[in-house]
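Protein chains: 2
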Amino acid sequence: MKITAIHEETVSLRSSLRNAYINFSEMTVSIVAIVSDIVRNGRPLIGYGFHSNGRYSPGEIIRHRLIPRLMGANPGELLEDDGSNISPPRAWQVMMTNEKPGGHGERAVAVGTLDMALWDLAAKIEEKPLYRLLADRYRGGEADPDVYVYAAGGYYYPGKGIEGLEDEIRRFLDQGYLDVKIKIGGAPLAADLERIEAVLKLLGSQQSLAVDANGRFDLPTALAYAEALTPYRKQIKWYEEAGDPLDYELNARVAEISPVPIATGENLFSTQDSRNLIRYGGMKPERDYLQMDPALSYGLVEYLRTIDMLKEHGWSPRRCIPHGGHQLTLHIAAGLGLNGNESYPGVFEPFGGFADDIPVESGRVRLPDVPGIGIETKAELMKVFLPLTNQV
Amino acid sequence: MKITAIHEETVSLRSSLRNAYINFSEMTVSIVAIVSDIVRNGRPLIGYGFHSNGRYSPGEIIRHRLIPRLMGANPGELLEDDGSNISPPRAWQVMMTNEKPGGHGERAVAVGTLDMALWDLAAKIEEKPLYRLLADRYRGGEADPDVYVYAAGGYYYPGKGIEGLEDEIRRFLDQGYLDVKIKIGGAPLAADLERIEAVLKLLGSQQSLAVDANGRFDLPTALAYAEALTPYRKQIKWYEEAGDPLDYELNARVAEISPVPIATGENLFSTQDSRNLIRYGGMKPERDYLQMDPALSYGLVEYLRTIDMLKEHGWSPRRCIPHGGHQLTLHIAAGLGLNGNESYPGVFEPFGGFADDIPVESGRVRLPDVPGIGIETKAELMKVFLPLTNQV
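Residue numbers (the numbering used here), protein chains in the order written: chain A, 1 to 392; chain B, 1001 to 1392.
For reference, chain A alone in the conformation it holds in the complex:
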């Protein structure tokens, strides 16, 4: 088999939302299609990929550096030993040719985008859902039948008050979610506590609320929020990204005094960065959560390395709940046995979310029984992808 073409396009991710750090009105996303010469039902098998929200399209890196390396490789360099399927780890090595170590930013997103398409294609060639392929290759065949998801929202919109927040949370609960997450740090502490209290009143005793500062706080503010959250500790699932993602000392100080679990990692874009969090960040493997996002950080190939690194440091994959809110991480969660997956109901669509015909039930979601990642199970998402390969 071989790759016959790779297409990339940059599309707008129109959104009026804002977290504590940025607004998303100008946000873009790269979409890619990797076309193979394997024909099934009269059409070539195609792997699709995109990247998670929050980082701009790295389209030029994909078009000028990564695609030429993949298309210029000897086809055998990209395949499994028996030549029957594409090998995402080998393709990864080819993509990273002549790239210096360090500087993990847009390049990590670009590789992650193509990596998603490579795994989608590999699973389609094996005629398996990706979670099944991952379970078979890396977990002795064991896969989780469904995945814990929580509804991440609670963004600051202009004019959105407590009532708007309450309406949003009620919609999440109506959609089948149990746990929810809201942003903090975009308003003064007292106002944020009002928002937290309003949401907690809507939750039952078995439900919990996570709060996310998006890396905004300096050390005194981060500690002040940790203390202010303490009275709500029974229902606060975690306190997320208090300070700069690379300020491991701040994280360690917060983790030390917080009775609430800590969650972070979505802005660590390599296994090396994640290892530094584990080495220096004071995270507790029996309590805290890791949110590294494969689609932003060199893909699933690198995420497998991160999981190995975590195991070496005494961390279970069950402490991982990736950022991203899309199907790639859902498959990884079910296939590799993570704790769960983020979800953004109604925002970052059509990239976010899961198969159209699979509802969230009691805060869990099942996986589609189709080959690959299941991009095809989201009608609106396929409308974005089909023009890439002139299928519409």
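Each statement offered as a hint is correct.
Here's a subset of chain A near chain B, in silico, CB distances under 10 Å, partners left out: (1) Met27; (2) Pro58; (3) Glu99; (4) Pro101; (5) Gly105; (6) Arg107; (7) Asp244; (8) Leu296; (9) Ser297.
Just so you know, these hints were derived from the structure itself, not from any lab.
C-beta: ideal position from N, C-alpha, C; glycine also.
Dock chain B against the given chain A, drawing on the hints supplied.
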């Protein structure tokens, strides 16, 4: 005053050289020109910028994210309080609008490229060489009259043997350099020791040789090289980037056992990353060297923050010898009182190197007495820049 236009172009940095990690035949560089409405001698003042070698052009980030933010800003947002000059720190804030924390890669290079042009323009508006502007603003007027430079080379070329290496080093010495640097890690240890011994025979007792592994080694190899270098300790200036730039633990282990000074930092692209090196990397402020490169890591605005951070941790700017080998870092070294600056005689031209009419003498180089960075003092470099603004 205001900015009337900003231009970017991506040009090839043709080179057949190779370090321990990558070859440079496909390497590109972004060049930018920031045109102001201030006219002197009948022509608008223009600031020029580019980035250091080793990282590919981040042109799309410059064109699609940074230039629109600068050109869309209220002009007052980009100026000093009195409106008389552009403010690089304020422009920096504008460039970083709606950018999430973390993920310091191509974006850091893109901001660094425009930052260089902003400082070039600011110094031209004040009719001062940049080093003089920096000394006046940040060092009570004190500037160094010349700057220590060393000749970085010793790359692996196909077919280049010991004799080729010796010829290269002799050329460096003939050009006025005293200290030199060669790559290691692209050959087996025994072969590298032969290369080191061959170079040391060409050096006098007051001269020294630095060796650079470009982040290639795992921990056992890094330690083995540290031990193997010990017999040459009197003439080895430093042992550079033994392992992955983010593997602070490896660095600390090497720094602990090595009698030779350690140097690293060129692949740390933010103040946060540099702070982690200082916190966790085991670097010794009385012995070791820091090589962070402003043009790759959010520019001089961020480098000023890095220097502040270093001072808070007990480090003198005199321990800094930036990567890059060009005039921006030469001005920073003279103006802020760094230890010195890298130089790559004959490679990475015309971007690398200093004013055409200022030779290296006894391993030091003086600064040109022209406003700005002195891009105009390098004829071949100006040939690259002039078409950007249709001046040829």
